[in-house]
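Chemist: Residue numbers (the working numbering), protein chains in the order written: chain A, 1 to 106; chain B, 1001 to 1530.
FYI, nobody ran anything at the bench for these hints, they're computed from the structure. Backbone N, C-alpha and C fix where the C-beta goes; we use that ideal spot for every residue, glycine too. There's no promise every hint is true.
As the list claims (entries may be wrong) - A few chain A residues facing chain B, derived, Cβ under 8 Å:
(1) Gly21
(2) Phe39
(3) Ile65
(4) Gly68
(5) Ser71
(6) Gly78
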Amino acid sequence: MFKLATRMTALACYALVLLAGYMLFGMTGAGVIFAAALFFVVSPYFILSKLRIEEDEKWFFSLFIGLGLFSTLVWAVGRVMSLRVALIVTVLILAAVFFFVKRKTA
Amino acid sequence: MDRKDIITLAVLFIAALFLWTMPFQQNRLPFGEGDSAWHFSIGDYMHSSDRAISRLPFYVGVWYYNYNSILGPFALEYPPANHMNYAFMQFFGDRFVSVLMIRAITSFLGVFATYFLIRKLYGFLPAAIASLALVFSLREQMIYLWGQQPTLSSFVIIPVLLYSFYKYATLLFEGKPSSTYLFITAALIASQYMLHIQGIIVSLLAMVVFFFFMIIRHKRLPISKNTALQIGIVVLALVVVMLPFANIYLGAQSATAPSSKQPSRLLQWTVPSEPISGSFPAAFVQFSSEYRFWMLPLILLGVFFLLFRREPKDLLMLAWLASIYITFHLDVILGADWLGRIARMGVAEPPLFFSLMAIGLFSIFSLIKIPSQPRILLKYAVAIAVAVILVFTLGAAAKENLSQAYGGIGRITPQQLELAEWLHSNTAENSMIYDLGTSSYPKIRWLLASSQRYINQYYGSFVNASYAKDSPSYFIFDYSDLQLLVNSQYRDQFLPQLNQAQQAEQAMFANITPVYDKNNIRVYNVQVSN
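Chain A extracted, bound-state conformation (with noise of 0.2 Å):
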């Protein structure tokens, strides 16, 4: 994990982040820029975060990885399911993931 200064650090530039697309775009701006981090790097790193490689190497994977597989997974599951509920079901299923295997190596 990262120390908590660079924590606090990655946070502190992720709400400016989210502020710099608010002032272009208004809501659109800071909702594509939430659902981005949301989906092609949050849920890719509910499965990356117990391999041990370091930190910086989870977030990064994360992203390129989410880029390309996590749209696809989503469109599996919307097969049979509307495609809201499926992008919902796919972020519950990886965090899912992601808290058994917590509390399985806890």
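Starting from the structure of chain A, add chain B where the hints point.
Modeler: Same frame as chain A, now just chain B:
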């Protein structure tokens, strides 16, 4: 990475966001060539219908009807990843701006992939300089503006994928194989495949060449039974993931004519501009448009430094260089007329060349003897100076390029969007709509995308195909662009077109009341006998 990396990444992101969204900060209507409207259409349909589709809707499927020779008409023409990303974003905001934003963001993500690779291998300053230069990369911007972002998204993954494979290979040759990096490499390959298959060509070539270099360096092939089993599992997993979408790529029609091999092409680095002038402007392939001439000695110095030192990380960069050279000469190696495709893969080059430039720049410090503290200060001073030069040269050019993109009636107007909304509400989903007067092919396609109705230029006859036999038909006479053009310096060029459209309207629809008549645009119901 530490706090200075995070701050640098945030600054780069915000700078790239402000720059790459310039085309739609003032005018929030969509822009781009026909491809951009096509890609938008699919994501937009998935969002509006709330469905993950496996067949294209009527108005998109007719566009390149029967494109896929294996899957047949209305088959998906790409794996769904990019279009799903568009659909997701539309849940979070404006229909067009949300897609334009994600199109911009996924196009400039190569900045961060390159930062990551170079930071991990060569340190902070080379990473910062290489990625800053990439923020201003003309070639990526062109592909983004035209709307071929799915292709670009596949290429942006390359630096991260190469890093993952580098970690796997170096640990393998050190006798400490890590299945973690092997599976991550596979996941990145799969991600690339789902976005667009072209990026995989460069990735796979680079991995093969790097592995070959490592075999030569270590004089052995460290493949144990366990390693072979892991690789076998990974390949199987990739096949399972990729197979459902294989026919999308295999069935794609592409006119690949055999070409007479031109060995002299091997002496050129990239595709010459003249044979591809119908599809790409010369600036897309010219060195002087993408880079500045002072960068060339630094790039070459970077290559020499890598060749001289030849540490594993240097071999990776050389393998990346070799893979791009091979990619740029596939027409000679395979004997196919692929110059257009190869030219588009030119976006593989800037991340590498800017990285080589940065490596070359900071390699100078290893050649001169300076005490440690002054060396660090001097490195930062040089980095700041180069960054300022990049901002005022490449950055200024990028700002001009992006801020002027698709201005005025270069994209659909509010009046044309109003027409599109009317068509969506008042015509059937399987309508065939013909257009005369809208000033460009891309704009007609954006009318199609915005209205979710099939609209095409009228070429003198109505479509007589089986898919259109039950389709109600309409005809648009769009004088909104033509009136503006005829009242401008382009009068002589567009007056004949205006007259032609008016004559056609008189001939075809005299004494018939249009179903839509607003803003110099009229729509007529058409009875087409099929």
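Chemist: Are the hints correct? Go through all of them and say.
Modeler: Status of the hints after comparison with the structure:
no.: 1; hint: Gly21; in the structure: 7 Å, holds
no.: 2; hint: Phe39; in the structure: 6 Å, holds
no.: 3; hint: Ile65; in the structure: 5 Å, holds
no.: 4; hint: Gly68; in the structure: 3 Å, holds
no.: 5; hint: Ser71; in the structure: 4 Å, holds
no.: 6; hint: Gly78; in the structure: 3 Å, holds
Consistency note: the structure conflicts with none of the earlier hints.
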